[in-house]
Amino acid sequence: MADLSIDFAGIKSPNPFWLASAPPTNSGAQIHKAFEAGWGGAVWKTIGAPVLNVSNRYGAWHYNGHKMLAINNVELISDRPLEVNLREMAEVKRAWPDRAVIASAMVESKPEAWRDIVRRIEDTGADGIELNYGCPHGMSERGMGSAVGQVPEYCEQITRWVMEAASIPVIVKLTPNVTDIVPPARAAARAGANAVSLINTINSIIGVDLDSLEIIPNIGGKGGHGGYAGPAVKPIALNMLSAVARDPEIREAGLPISGMGGIETWRDAAEFLLLGAGSLQVCTSVMHYGFRIIEDLVEGLSSWMDDKGFATIADVVGRSVHRISDFKDFDLSFRAVARIDPEKCIRCDLCYIACNDTAHQCIDLVDGEGRKVAPGSYGPRANGKEAATADRPLPVVREADCVGCRLCYNVCPIDGCITMAEVPSGRPPVTWAELTAARPEVGSDWEAMKRYRQENGIDIH
Amino acid sequence: MSRLPEAAVTRRGRLNYGKRSVKEENRQTGGLGEVLPPLSAHEARVEAYRCLYCYDAPCTHACPTHIDVPGFIKKIATGNLRGSARTIMEANILGATCARVCPVEELCEGACVLNAEGRPIMIGRLQRHATDHLFERGIRLFRPGRPTGRRVAVVGAGPAGLACAAELGRLGHAVTLFEKRPLPGGLSTYGIIVLREPVEVALAEAEMIAELGVDIRTDTELGRDVTLEALREEYDAVFLGIGLGGSPDLGIPGEELVEDGLAWIERSKFEPEKMTVGDEVYVIGAGNTAIDAATIARRLGAERVTILYRRSEREMPAYRHEYAFARKEGIDFRFLTQPVRILATDGRITGIECVRMRLGKADASGRAAPEPVSGSEFTLPADQVIKAIGQKKPELLADLGLATEKGYVRVDEAYRTSIEKVYAGGDCIRAVGAASTVMAVQDGKLAARAIDADLGLATAAAAE
Chain A
1 MADLSIDFAG IKSPNPFWLA SAPPTNSGAQ IHKAFEAGWG GAVWKTIGAP
51 VLNVSNRYGA WHYNGHKMLA INNVELISDR PLEVNLREMA EVKRAWPDRA
101 VIASAMVESK PEAWRDIVRR IEDTGADGIE LNYGCPHGMS ERGMGSAVGQ
151 VPEYCEQITR WVMEAASIPV IVKLTPNVTD IVPPARAAAR AGANAVSLIN
201 TINSIIGVDL DSLEIIPNIG GKGGHGGYAG PAVKPIALNM LSAVARDPEI
251 REAGLPISGM GGIETWRDAA EFLLLGAGSL QVCTSVMHYG FRIIEDLVEG
301 LSSWMDDKGF ATIADVVGRS VHRISDFKDF DLSFRAVARI DPEKCIRCDL
351 CYIACNDTAH QCIDLVDGEG RKVAPGSYGP RANGKEAATA DRPLPVVREA
401 DCVGCRLCYN VCPIDGCITM AEVPSGRPPV TWAELTAARP EVGSDWEAMK
451 RYRQENGIDI H
Chain B
462 MSRLPEAAVT RRGRLNYGKR SVKEENRQTG GLGEVLPPLS AHEARVEAYR
512 CLYCYDAPCT HACPTHIDVP GFIKKIATGN LRGSARTIME ANILGATCAR
562 VCPVEELCEG ACVLNAEGRP IMIGRLQRHA TDHLFERGIR LFRPGRPTGR
612 RVAVVGAGPA GLACAAELGR LGHAVTLFEK RPLPGGLSTY GIIVLREPVE
662 VALAEAEMIA ELGVDIRTDT ELGRDVTLEA LREEYDAVFL GIGLGGSPDL
712 GIPGEELVED GLAWIERSKF EPEKMTVGDE VYVIGAGNTA IDAATIARRL
762 GAERVTILYR RSEREMPAYR HEYAFARKEG IDFRFLTQPV RILATDGRIT
812 GIECVRMRLG KADASGRAAP EPVSGSEFTL PADQVIKAIG QKKPELLADL
862 GLATEKGYVR VDEAYRTSIE KVYAGGDCIR AVGAASTVMA VQDGKLAARA
912 IDADLGLATA AAAE
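First to last, the protein sequences are chains A and B.
All residue numbers for the first sequence refer to the working numbering, where the first residue is 1 and numbers rise by one.
All residue numbers for the second sequence refer to the working numbering, where the first residue is 462 and numbers rise by one.
Calculated from the structure, these hints are not laboratory results.
Check before you lean on any hint, since a few could be wrong.
The calculated lysine to aspartate or glutamate pairs, modelled on DMTMM-like cross-linking and capped at a C-alpha distance of 20 Å, are [said to hold, decoys possible]:
| no. | chain 1 | residue 1 | chain 2 | residue 2 |
| --- | --- | --- | --- | --- |
| 1 | B | K853 | B | E690 |
| 2 | A | K308 | A | E271 |
| 3 | A | K344 | B | E682 |
| 4 | B | K641 | B | E682 |
| 5 | B | K535 | A | D357 |
| 6 | A | K33 | A | D296 |
| 7 | A | K33 | A | E108 |
| 8 | B | K882 | B | D697 |
| 9 | A | K67 | B | E504 |
| 10 | A | K67 | B | E508 |
| 11 | A | K372 | A | D329 |
| 12 | B | K882 | B | E578 |
Now the in silico label distances, taken between C-beta atoms and shown as ranges [unchecked claim]:
| no. | chain 1 | residue 1 | chain 2 | residue 2 | range |
| --- | --- | --- | --- | --- | --- |
| 13 | B | G540 | A | D415 | 25 to 35 Å |
| 14 | B | E790 | A | K33 | 43 to 53 Å |
| 15 | A | M449 | B | R604 | 19 to 29 Å |
| 16 | A | F330 | B | A577 | 28 to 38 Å |
| 17 | A | D306 | B | G579 | 25 to 35 Å |
| 18 | A | G290 | B | A577 | 34 to 44 Å |
| 19 | A | P375 | B | D873 | 56 to 66 Å |
| 20 | A | K33 | B | Y780 | 30 to 40 Å |
| 21 | A | R406 | B | A829 | 53 to 63 Å |
Some, not all, of what chain B presents toward chain A, calculated at C-beta under 7 Å [said to hold, decoys possible]:
| no. | residue |
| --- | --- |
| 22 | E567 |
| 23 | A572 |
| 24 | V574 |
Even glycine gets a Cβ: it sits at the ideal position worked out from N, Cα and C.
Bound-form chain B, shown alone (with noise of 0.2 Å):
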């Protein structure tokens, strides 16, 4: 693996992360320093005391991995932490992650019984005081299985790859994994904000997953450096988890003025420091990733950050918490507003004509399908616009040759794609319904066992 900054990732893994104060994380970090800050180690006793120790518990099963939630918790009560750690990552190896990441209020700890008096117990927390744990100590709990001699290619070191390779690894199989980024973890990497995980966090995920014996190669890319014939020809299997394209188009004139939201979230995280920021700030979208755009742009010192949707607030795609955050950051935001035209002089922004919309008939996503309101146009004063209005659907298939669903990669019940011996996972197959780091994790460790489970028929007719 190439490429790991030094300062962030010792030479075992070992996280340098959480020995800092939240100020002097915050401090050193432009106010970019997780929000959170982590639970002390009574903090996280006295939470895990709090726990019921459900059976057959809900928070175990709303969540995708189908982590024994109870189970870790009921460890971190014992001081067990490694084998807290361990019932964790058995089920999601990227835990650490996924305990910053998640949706927990749409997950574990939406389904909380303790929800019924309104205090539901902090799981992504104390997930997050058990990972870390083992990271800080630089602890390993697996190691690769006995070799098969079987090897597998994974294509895209996101979490869908990564916890595809990790399991791969710990079932014996030699795993390459290739990344067409410098850095593995996918949007875990580069697309989630500082505030909710630390670059350190994905890239210590990805070491304790090389040292499955999953070769994890950078900066190549499907289609480039390698074919998918190639690879078929190669391995025994191959795993796509090659994630969703870049950004679609607004498709309005001064477009190109215009920030792209992953972009920007990825600079705030490798280089928060070259950053310049408007004093008025528009971010086009009100999915989760704009509220992200739209927090940094504010932390980094944007006067007023206002987020610009065509519909109403009861359609925005955002989480709900996600809002509410948004609002507590001090970020506007209108409604049923479109932008129709990006104002520049000398190619410099100067504001944003938009058109006000209202809501017709429900569309094909079941929302209510906004309609501009003729003569309505008006300008905002503007000096700096950062679209997120999602990802465009997943990129390559057709030359591939996959078969797909809604623009989609199409996989059976065992992830395996129209192409023989080719699975897929992650977000390039989640044709409905939102899609989420956990559930990439879930399809990646599913897909493992599946490929492995094809392996293993073929050993056996082979031995007939």
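Isolated chain A (complex conformation) (with noise of 0.2 Å):
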């Protein structure tokens, strides 16, 4: 059996399943619930500035019939007294001394505030702190959250008021609503604090109402960006995890990621560590779902690593990091053709639509006889199932003429019938930064790169 206890940053738990700093820990009552059903850790909601809520405060966002694909929210920081939460989180940890109890903390950028509440976050016995540079609406009005995580100076001074007040772990949370993530991730790094989280979530507007007109959620005739969360942001999550993690100055500094953003099942928890997450978060699939979902999180995550030979969870952590890399290091000799297997194939042809409208247009449709066929190829009169199965024509890829562009693969409802197949391309291993380098008019002039593509056999229909 892996091992799937963490230290992350000095915090421990027994699992690398947080709860967010969100509404799931929103009460003492509601974390004790969650370490019972199996969490490893959770980051208190956000503690902080007073605040007042409204009503309507969660979007979401519905695809074909799945709910909550992802869920947007106008919801504040924790609006429930500063003293009752500092004492439910010293009851919590009391109650709880082997899983991670993390506060999160917003309060205005002034540092005898931040020095203030580090004090009385220390004093309930917590492991560590988050410093919530993210949420992005409301907070951000004000000054904080957002405000502070777009603007690397600011990130960087609060955090060192923040590290001089401290003596348990600081965790920086970095928002995603920045062009590049990298540099508030770096200033936080120079402040020194001993971890970063993210991301937090994305501005957004879920939708109108086509009834009555109105911006979705309706708050009181008016509606304004939310954060964007759930299994829908998880690419992007994705993509700003790794940044970070193959940083060389995050990765100078050594500074340990929690990751989240649309975890939902124990493959996306995988994803997230092995893209460089040491810890994991997870919010808006608990508030679709419940907090029974860690039983699946943690029994499919250890059998995975079982299956793989992971004994800890810092075997995974990282592990796929290096293969991220920049267009212009790719292999451009690199070359995989899409292959359906007509054993596998229903003959929805969605692949031979969506090849043919808009992609190259090298799926054919071929009967029996190995005949292309035109779709739509019967009079009006044919009639019933016989006719319309028996030669119904197969979807096949003209290998020569397929630029292995992956389409087909992404639109295949059947798992395993179209392959992409790596080919031979003749041609020797090439990067465009190579390439260029060795001969820059290819890359400026269109003449050059004909003889280019000439020499090397290269033919683009």
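Fit the two chains together into the complex; they arrive one by one in their own frames, and the hints show the way.
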């Protein structure tokens, strides 16, 4: 059995799964229940400045019958009195010494305000502090949250104030609402933070109600951007995670990263670990299904690690980061083509239409005698399932013309039906960086590119 | 149009069906309500999401009217129900009827690629969801075309005639539709059990078609009230959608005591409360009509209902899914059994004398010919016998002077008969293969286009 326990910047927990700072961690009672279910840690719903919340604070994006592919919210930090939160935090930590209890904090951008909140958090016995520089709505209008996270200088300054006061590990939580997440992460590292966490929620408007023309969700006739989270944001989170994980300054500083953004299953969790996350935070999927999902998260991750021969979480963390690269370093001679398994193909022809309408027109419909047939080749009196299915042509890839774009692979509804087969291109490996270093004109002159293609037998139809 | 029951159809053709719960429906109809409840909006959406939206889809290919099935299902998924119904009815004006009566297992659903995993999309029920949406709201999607000044007579207001009339109306031709029965709809109105299709659905479709400028004249019979000569004289073209003839005779003693299957079904639709049902009921024949007649008898309280068929299970003409349905209804089957005499006392049936059969060589239909086993006669106690052994070939054809093929009206590729300006479609031309509502609809639609093309040619020729 794999050992799932972690030591994240000095914060220990029996598994890498923490509840993210959010509604699920609003109270001690909720966190007790979550720990009973098996969660390894919890980042308390952000405490700090006094706030008032509104109704209809959660919107959601549903897709083809799947509810809550993403949620957005305009909920502020905890609206419960500070003393109540701190008292419950102390109670929870006393009751669960082996779990990670982390306080998330956000106060006015004044050194004394931060010093004060750090002292009061440490008095509870909490294991760490997460600085909320990410909240994109409401708090940012008051100069807090993402208003800090978007400016590396503010981020660095406030983190310094905290680091001067704190004796427990400090995690800086980053906002994705920036063009490049690396500079704020570096700012945190420069200020001496013990770790960073990402991503916070993304600015978003869920939609417009087509009956009332109101914004969704409707808040007294108005609506506005809220923080977007859930399964739909996972690819964005993975990109930002890997950007930070492979940054030389962050690596130099040895800063661990707590990853979050759309983790719903152990598969998501494993991907975050592989791209450099040392602990994992979960929110939307718990808001959708409750704390009970921890069972599959732990069990699934553990089984996968056993199958792969990983003994500890540390064996997994960052294992795929070295594969993240830039386009200029991809091998231009790498070639793959799509292959359709006629045994598995159910002849929905989604690959055919995707390829022919929007990709490279290299899938044909071929009948039993190997003849190419046009779609809809039947008369107006054709009739019945036999006629429709007996001789239904098969989509077949013309490999010579296939550029290996992988669109058909993506639209195919049947697992394992279309594979992308690696085939020799007959050309030596070369990257764009190497090519343009050797022959700069290829990157600036179409005639030079044409010559290069001719020399190398690259035919683009 | 005359004599539409007012309770069924309101002024604008808005249906009253679908508003009652299935339970209430069953209580009011004595168990004769539609077997399949309508899909809820949520059920329909979820099912629509499941559709893969195949390209050049096999369901569309399999549908005799070639409805763009993935197209209409996608529109259900997006909440564009009017557009969905338009997609259906552009191809099949009787989409609401076909959604209920089509043997979808043999057509669209049977061709669905998801049969690979054993769970095809419920295309029929989705089609019903979209078309019901229209009729329940009295929405009209189609208008009469710009008048062409041409007049076409359509004989027979069954599926072929209605589809032909609708298409002609949309093309701008003035259509008069003659129907011998008091109500339009043909078998949809009179011959499909309510468990599959309530009368109101067929009548609402007829009403919609009437609003395309089609003048429906009921209680008007070809050969009695109008002649083909007069129609050819008065109209630019005539379409015959006259269906098939009545039930053939069994040719056995006591035949006069036997109920006719189609008449039995008709009564179950219009006056079920007046029907008397025996305890020991036999239905002769094993086609889909026989199963329907047996189902009605069973639902109206017959203690035991048994289907008698002279061939074996393998040869029975009923669809396999209908056979399975009948089994679930608790209907018994006796195969290789031929009735030879109805036994009666004082005009009341007491039993059926039968003979056992065995299968011999293949006959003209390609099926093994049943032969009586001599000395195997036996008697079954019975108090009611219904026959459903098919329909006779179309009547009147000789009188009308039409060339025939195997007893059916002979037509060319453009549905032209041997008589100039006279076209035909539906069951009356179905010399080969099984006949169905949806095939009749396709005939009517294609024949209308052929008539339009022929009329257009005449116009062009005259202009030269």
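Evaluated hints:
1. B:K853 <-> B:E690: Distance ~25 Å between K853 of chain B and E690 of chain B Cα, so the pair is violated.
2. A:K308 <-> A:E271: Since the Cα atoms of K308 of chain A and E271 of chain A sit roughly 14 Å apart, the hinted pair holds (cutoff 20 Å).
3. A:K344 <-> B:E682: At roughly 56 Å apart (the allowed maximum being 20 Å), E682 of chain B and K344 of chain A break the hint.
4. B:K641 <-> B:E682: holds, 4 Å
5. B:K535 <-> A:D357: holds, 19 Å
6. A:K33 <-> A:D296: Judged against 20 Å, a Cα distance of about 17 Å means the pair holds.
7. A:K33 <-> A:E108: Outside the cut-off at roughly 32 Å; violated.
8. B:K882 <-> B:D697: holds, 7 Å
9. A:K67 <-> B:E504: Holds - the C-alpha atoms of E504 of chain B and K67 of chain A are around 15 Å apart, at most 20 Å.
10. A:K67 <-> B:E508: holds, 15 Å
11. A:K372 <-> A:D329: violated, 39 Å
12. B:K882 <-> B:E578: Violated. K882 of chain B to E578 of chain B sits at ~50 Å, over the 20 Å cutoff.
13. B:G540 <-> A:D415: 25 to 35 Å: holds, 30 Å
14. B:E790 <-> A:K33: 43 to 53 Å: Taking Cβ atoms as reference, E790 of chain B and K33 of chain A lie about 51 Å apart, which means the hint holds.
15. A:M449 <-> B:R604: 19 to 29 Å: violated, 57 Å
16. A:F330 <-> B:A577: 28 to 38 Å: Check passed, 37 Å falls within 28 to 38 Å.
17. A:D306 <-> B:G579: 25 to 35 Å: Given range 25 to 35 Å: holds, Cβ gap about 34 Å.
18. A:G290 <-> B:A577: 34 to 44 Å: holds, 35 Å
19. A:P375 <-> B:D873: 56 to 66 Å: Since the Cβ atoms of P375 of chain A and D873 of chain B sit about 29 Å apart, the hinted range of 56 to 66 Å is violated.
20. A:K33 <-> B:Y780: 30 to 40 Å: Roughly 55 Å apart at Cβ, these two residues miss the hinted range, so it is violated.
21. A:R406 <-> B:A829: 53 to 63 Å: Cβ of R406 of chain A to Cβ of A829 of chain B: about 55 Å, so the range 53 to 63 Å holds.
22. E567: Holds. Min distance 6 Å.
23. A572: Result: holds, 4 Å to nearest chain A Cβ.
24. V574: V574 of chain B check passes; min Cβ-Cβ to chain A is 4 Å, inside 7 Å.
The structure shown violates the earlier hints numbered 1, 3, 7, 11, 12, 15, 19 and 20.
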